[in-house]
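Please build the complete structure, drawing on both the sequences and the hints.
Same order as they appear, the protein sequences are chains S and U. Quick note on numbering: my numbering labels position 540 of the first sequence as 540, and the sequence is numbered without any gaps. Quick note on numbering: my numbering labels position 82 of the second sequence as 731, and the sequence is numbered without any gaps.
No lab work stands behind these hints, which were simulated from the structure alone. Quick reminder that beta carbons are idealized off the backbone N, C-alpha and C, glycines included. No incorrect hints appear here.
Derived DSBU-like pairs: lysine-lysine, alpha-carbon spacing no greater than 30 angstroms straight-line:
| no. | chain 1 | residue 1 | chain 2 | residue 2 |
| --- | --- | --- | --- | --- |
| 1 | S | Lys115 | S | Lys31 |
| 2 | S | Lys381 | U | Lys733 |
| 3 | S | Lys468 | S | Lys632 |
| 4 | S | Lys381 | U | Lys713 |
| 5 | U | Lys717 | S | Lys506 |
| 6 | S | Lys575 | S | Lys506 |
| 7 | U | Lys733 | U | Lys717 |
| 8 | S | Lys506 | S | Lys524 |
| 9 | U | Lys717 | S | Lys524 |
| 10 | S | Lys115 | S | Lys639 |
| 11 | S | Lys115 | S | Lys632 |
| 12 | U | Lys733 | U | Lys713 |
If the Cβ cut is set under 7 angstroms, some of the chain U residues that face chain S in the computed set are:
| no. | residue |
| --- | --- |
| 13 | Gln658 |
| 14 | Arg659 |
| 15 | Leu670 |
| 16 | Ala673 |
| 17 | Leu681 |
| 18 | Gln684 |
| 19 | Ala685 |
| 20 | Ala686 |
| 21 | Phe688 |
| 22 | Thr718 |
| 23 | Gly722 |
| 24 | Ile743 |
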Amino acid sequence: MIAELGLAVLWMAAALAVLQLAAGIIALRPKGEHLAGVVRPLAVMQGVLVAFAFLALVTLFLETDLSVKLVAENSHSAKPFIFKLAGTWGNHEGSMLLWVTIMGLAGGFVALIEKRLREDTLVATLAGQAFVSLGFYAFLLLSSNPFERLPEPAPDGNGLNPLLQDIGLAFHPPTLYVGYVGLSIAFSFAIGALVTRDVGPAFARAMRPWVLGAWIFLTLGITAGSYWAYYTLGWGGWWFWDPVENASLMPWLAATALLHSCSVLASRNALRAWTVMLGVIAFSMSMVGTFLVRSGILTSVHAFAVDPERGSFILALLAIYIGGALTLFGVRAATVTEGARFSFVSREASLVFNNVMLCGILGIVLVGTLYPLLTEAFGTKVSVGPPYFNPVSAIFAIPMLLVLAVGPLLRWRNDKAGRVTMPFAIAALIMAAVFLIAEMVAPGIHLLPALGLAIASGLFFASLLPLKGRNLRRTPLPVWGMVIAHLGIAVALFGMASDSAFSTEKLAAMTVGDTQNVGPWQVKLESIDPVAGPNWTALQATLSARYAGGAPITLEPQARVFASPPGTRTESALKTRWNGQLYSVLGEEGEDGRWQMRFWWKPFVPMIWYGGVLIALGGVLALLGRVAADVKRLRAEGKIAYRRMRQGR
Amino acid sequence: MSGIKAKHQRLVLLAIALVALVGAGLLAAYALRNQAAYFYVPSDLVAHPPEQGRAVRLGGMVEKGSIKTRPDGVTIDFIVGDGKARVPVRFTGITPDLFVEGSGVVAEGRMEGGTFVADNLLAKHDEKYVPREMKNMTDAQAKQVVAETK
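Spelled out as structure tokens, the structure:
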């Protein structure tokens with residue numbers, strides 16, 4: 001019953017999207033204005049209905065309704081509650097339903113609260129959002145119906161891939177998705193503004209909070225995903241340049257560029273066509289990522305079922321939306337009038353530099369991700385990994401980070417380089433000093449990690465400078481946001497560089513009672529015992545570890561065996577100190593009865609994720625500042641209107 | 650630049666963006682030629698050995714009875730074959746759970762002398778996740794086995 005209801009509601013939501021698109025198109029034609037009023041309510045209704053359909057699927061998963069194919073294939077009655085819930089989106093159909101749900105909710109949200117945009121641009125934006133949603137509704141309803149029933153209910157479910165049965169999965173995909181799909185709003189705004197030729201500061205100010213919101217979720221999602229991979233895969237790495245990781249990084253790079261160009265457009269009315277272009281690119285990257293991982297054309301843990309039909313469907317959607325948007329851009333770009341001018345030494349120029357470098361990195365990542373596909377078409381199989389991505393993206397990242405040290409200090413429009421020479425010299429001095437110290441502390445350190453440590457330290461100092469000479473209490477929230485986000489970049493970079501420069505690894509076969517030294521740690525294997533969880537059994541090693549001869553702490557890494565579906569997973573155990581993390585993994589028992597153990601001491605590695613959280617926090621502060629300013633302005637306008645009304649009486 | 654007409658600034662910006670993007674493309678193409686890891690099956694590897702030390706991937710079957718653990722307990726030697734050629738492989742680390750004799754594996758590493766030194770082994774995780782190369786390889790091998798038994 002719930003499955004049928006969910007499917008019916010999903011069809012209704014799709015029908016409303018058709019109406020929303022049609023009403024929007026008619027409303028923009030001459031003599032069609034009377035329909036403009038229905039577009040907003042349609043968008044809100046569509047959002048409510050699709051959310052209802054999603055809740056229906058969640059209910060089916062929580063009840064473990066085994067007559068529904070998707071539930072039978074991906075869930076199991078003996079799973080803990082949280083993984084039944086997470087199972088809803090831990091599969092292809094469910095995650096696509098989550099996709100349209102977020103698109104619908106985002107559209108409804110814009111319809112409900114966006115008051116600043118010109119009404120015709122808003123109508124065009126909502127029509128654009130409906131147009132994009134429709135493709136995904138069609139995909140869902142025609143080729144990936146999540147509510148399909150089985151002819152006979154299954155005796156029990158297949159369960160969820162053990163690798164995915166982790167608390168990280170409950171939060172990481174939905175967070176990433178909100179960001180990923182939230183960028184569709186930027187895409188629709190760009191289309192709306194192109195259709196009504198309304199590209200200007202007001203448009204940028206209206207779009208900015210939405211981009212910022214999506215970007216915050218994207219940042220958190222990537223940070224969480226990286227940490228999840230770090231502790232569940234048991235390889236001690238936090239970024240593998242896996243196609244899926246790249247698929248989330250590319251929209252983030254584009255959205256970061258978009259945020260910065262938005263601020264130029266909003267404050268200075270420059271970079272008009274470029275901002276619109278980035279709005280299109282950001283969501284296009286989300287769709288390219290989805291295509292890459294969902295079509296099964298690349299190897300990835302995230303590729304669910306390999307199905308060529310689905311791949312071609314998404315490819316067709318990609319062609320229609322990206323091709324269509326770029327065509328619209330090509331036709332209308334010439335009518336977007338030239339923005340305000342600025343000098344080569346100005347805030348704008350530094351932001352242009354940031355944008356070009358971010359797009360350069362984006363291009364590098366895109367080419368590296370697609371290259372294996374390209375060569376395979378010619379019969380050669382290759383894989384592209386860190387030896388390509390790390391140095392090549394650094395060529396763009398390093399100049400960008402150097403400019404980041406001074407960009408926020410420059411004035412809008414025109415400035416004198418002399419005003420920032422001093423801060424830059426100090427930052428450069430810090431960088432040089434740290435570089436030399438790194439070379440002395442760790443002789444033979446590779447160039448990139450040493451540069452990373454140096455730049456991170458200089459940047460840490462430089463990102464605080466915009467606060468200099470300000471009254472900290474009166475500093476606007478968006479400035480705080482910028483400072484904290486830039487600090488986050490420095491912190492994360494320091495963690496990354498420190499991990500690759502100073503990590504020590506120890507791999508050993510140990511018998512109970514053996515001790516190993518890992519960096520400053522002494523780790524003793526106390527015992528190996530069997531333990532059991534709700535749907536798994538495991539072998540658990542009990543380790544006692546001492547840092548530099550201090551008091552012992554206990555670590556309990558496990559090797560888990562899952563019953564349904566059958567599978568195994570290593571459960572690493574971590575100990576975090578202020579100056580790093582001890583990481584332990586239990587391997588197999590050898591023929592001679594010794595246990596394989598793997599340890600890492602990773603100095604300052606948690607800074608990577610602290611940095612990610614700081615970056616997102618910066619975004620939150622900026623968003624709060626913008627929203628508070630809007631509320632204030634609306635209130636003031638309301639008061640004026642009220643006063644006028646009274647006087648009129 | 651305040652003296653230059655607006656139109657020109659737009660062109661200059663466009664030129665800068667184009668130069669950066671074309672530069673990124675060329676750089677990527679150049680780096681990919683040198684840094685992409687090619688995929689080999691044992692017979693290819695024996696017939697056309699890659700340069701010593703160059704990162705490549707090797708895919709094949711783990712020969713039955715070939716896995717030997719060294720005294721350190723964490724280094725193993727085994728043979729990867731494809732029915733035509735056999736390559737000795739050395740790996741130090743914790744093996745993936747489904748790494749067993751007689752099953753497929755993709756090893757990432759490099760040739761050192763006559764031995765393939767693997768940094769990483771990819772084995773089948775479960776039914777839904779099979780390294781792409783391995784899937785094709787086992788198909789080809791299935792065909793080959795059929796051909797041989799005829």
